[in-house]
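Asker: Using the working numbering, read the sequence shown as starting at 1 and increasing by one per residue.
These are computed hints drawn from the structure, not numbers from a lab.
Where hints are given, some of them may not hold.
Said to hold, decoys possible - DSSO-like mimics (lysine-lysine), calculated; alpha carbons at most 30 Å apart, straight line:
| # | residue 1 | residue 2 |
| --- | --- | --- |
| 1 | K145 | K41 |
| 2 | K135 | K54 |
| 3 | K257 | K143 |
Stated by the list, open to error - Listed next, with one range per pair, are the computed distances between beta-carbon atoms:
| # | residue 1 | residue 2 | range |
| --- | --- | --- | --- |
| 4 | L98 | L59 | 57 to 63 Å |
| 5 | K132 | E289 | 25 to 31 Å |
| 6 | E183 | A280 | 32 to 38 Å |
| 7 | N123 | L98 | 24 to 30 Å |
| 8 | L142 | A321 | 21 to 27 Å |
| 9 | A80 | E60 | 15 to 21 Å |
The structure displayed is predicted, hence computed values, not measured ones.
Note that the Cβ used here is the ideal one computed from N, Cα and C, for glycine as well.
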Amino acid sequence: MQQAESQAGITNDLIDKYRKFGYQQLYADNYALLCKINEAKGDYKNALKYETFKSNYELEIHNNEIKTIELQIITEGKDAEVLDLKTQNEFHKKRSELIATICILLFITIVLLLAYFYVKRKNMEQRTALEKKAKDDAELKLKLKNEQAEKALFEKFEVLSDFHFKEMELIGKSKELEELEAEKRILDEQVELFAQKTTEYENLIHAQYDSLKGLPVYAVIKEDLEQLISKHLKNKKKHIEKLRNLNETYINHIKNKYEGNISIQYIKYCICFTIGMEIAEVSACFLIEPASVHGLRHRLKKKFGLGSDDSLELFLVSVHANTVSVKTRD
């Protein structure tokens with residue numbers, strides 16, 4: 001009996017201790033033990049009380065387990081919903097990034113295409129302008145050549161008329177002399193009219209060549225030569241570098257020393273010899289025979305007043321050197 005009471009006291013102490021920590025299962029176990037102890041003592045009233053406490057705690061434990069399971073089910077459902085929302089958010093984010101990347105690439109592609117077509121159009125316009133200028137130069141040269149031929153023919157007629165006039169004057173045929181004088185006057189008028197037309201064409205040609213004093217035409221000549229050298233020559237770097245070092249006044253000095261009007265094509269030849277191009281390189285650059293290059297060198301030497309033993313290249317280099325020294329002094 002004393003042992004049972006001692007065990008009951010220990011159990012009550014444990015219950016007070018467990019109550020502080022809320023251990024319901026321990027409460028239920030200890031109340032079950034107290035119930036058995038009181039049954040052994042024959043105290044059925046206390047045994048019934050402890051049995052009731054035990055049943056209440058077991059019911060509370062059962063209810064807590066049910067709530068825990070329900071909470072777990074709700075939590076798992078919420079976790080699944082949150083995971084699904086995260087997945088959808090990640091999908092929308094990646095889709096937005098993909099759309100933004102595609103838009104950026106599309107914008108860059110459009111900009112590059114616009115830049116390409118703009119540069120292509122500018123190149124076509126520049127090429128068309130060069131071709132038109134070359135065509136106009138050729139037409140002017142042809143017209144001038146035809147006018148010069150007609151002028152020479154009229155001069156020939158004038159000489160023959162003068163000779164015939166003198167012959168008729170010596171013979172004394174006055175009637176024919178009067179007719180010849182009338183014809184001569186007509187020829188003189190025609191020659192004067194032709195001379196006026198020729199002067200107009202020559203002035204037009206001079207104005208065309210005088211435009212070379214301006215930078216734009218000079219730049220076109222240099223650009224055309226640079227394209228020819230880059231396209232046809234292997235040793236192009238050295239020649240292009242020398243070509244870019246030529247100044248604007250060089251052409252004016254060449255024109256001043258040239259006998260007559262120098263054409264744009266001959267100016268290009270002079271520049272080629274000035275920058276040190278060989279006969280074969282000039283031939284390859286302009287797609288002409290080496291013999292033709294020798295022929296144009298001979299014509300250039302005559303137009304510049306050089307002798308057969310003089311060097312055309314040294315002459316042109318000295319002209320360029322003089323332009324550089326004059327520009328330096330200025």
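Asker: Under the constraints set out in the numbered hints, which ones does this structure not fulfil?
Answerer: Failing hints, ascending: 1, 2, 6, 7, 8, 9.
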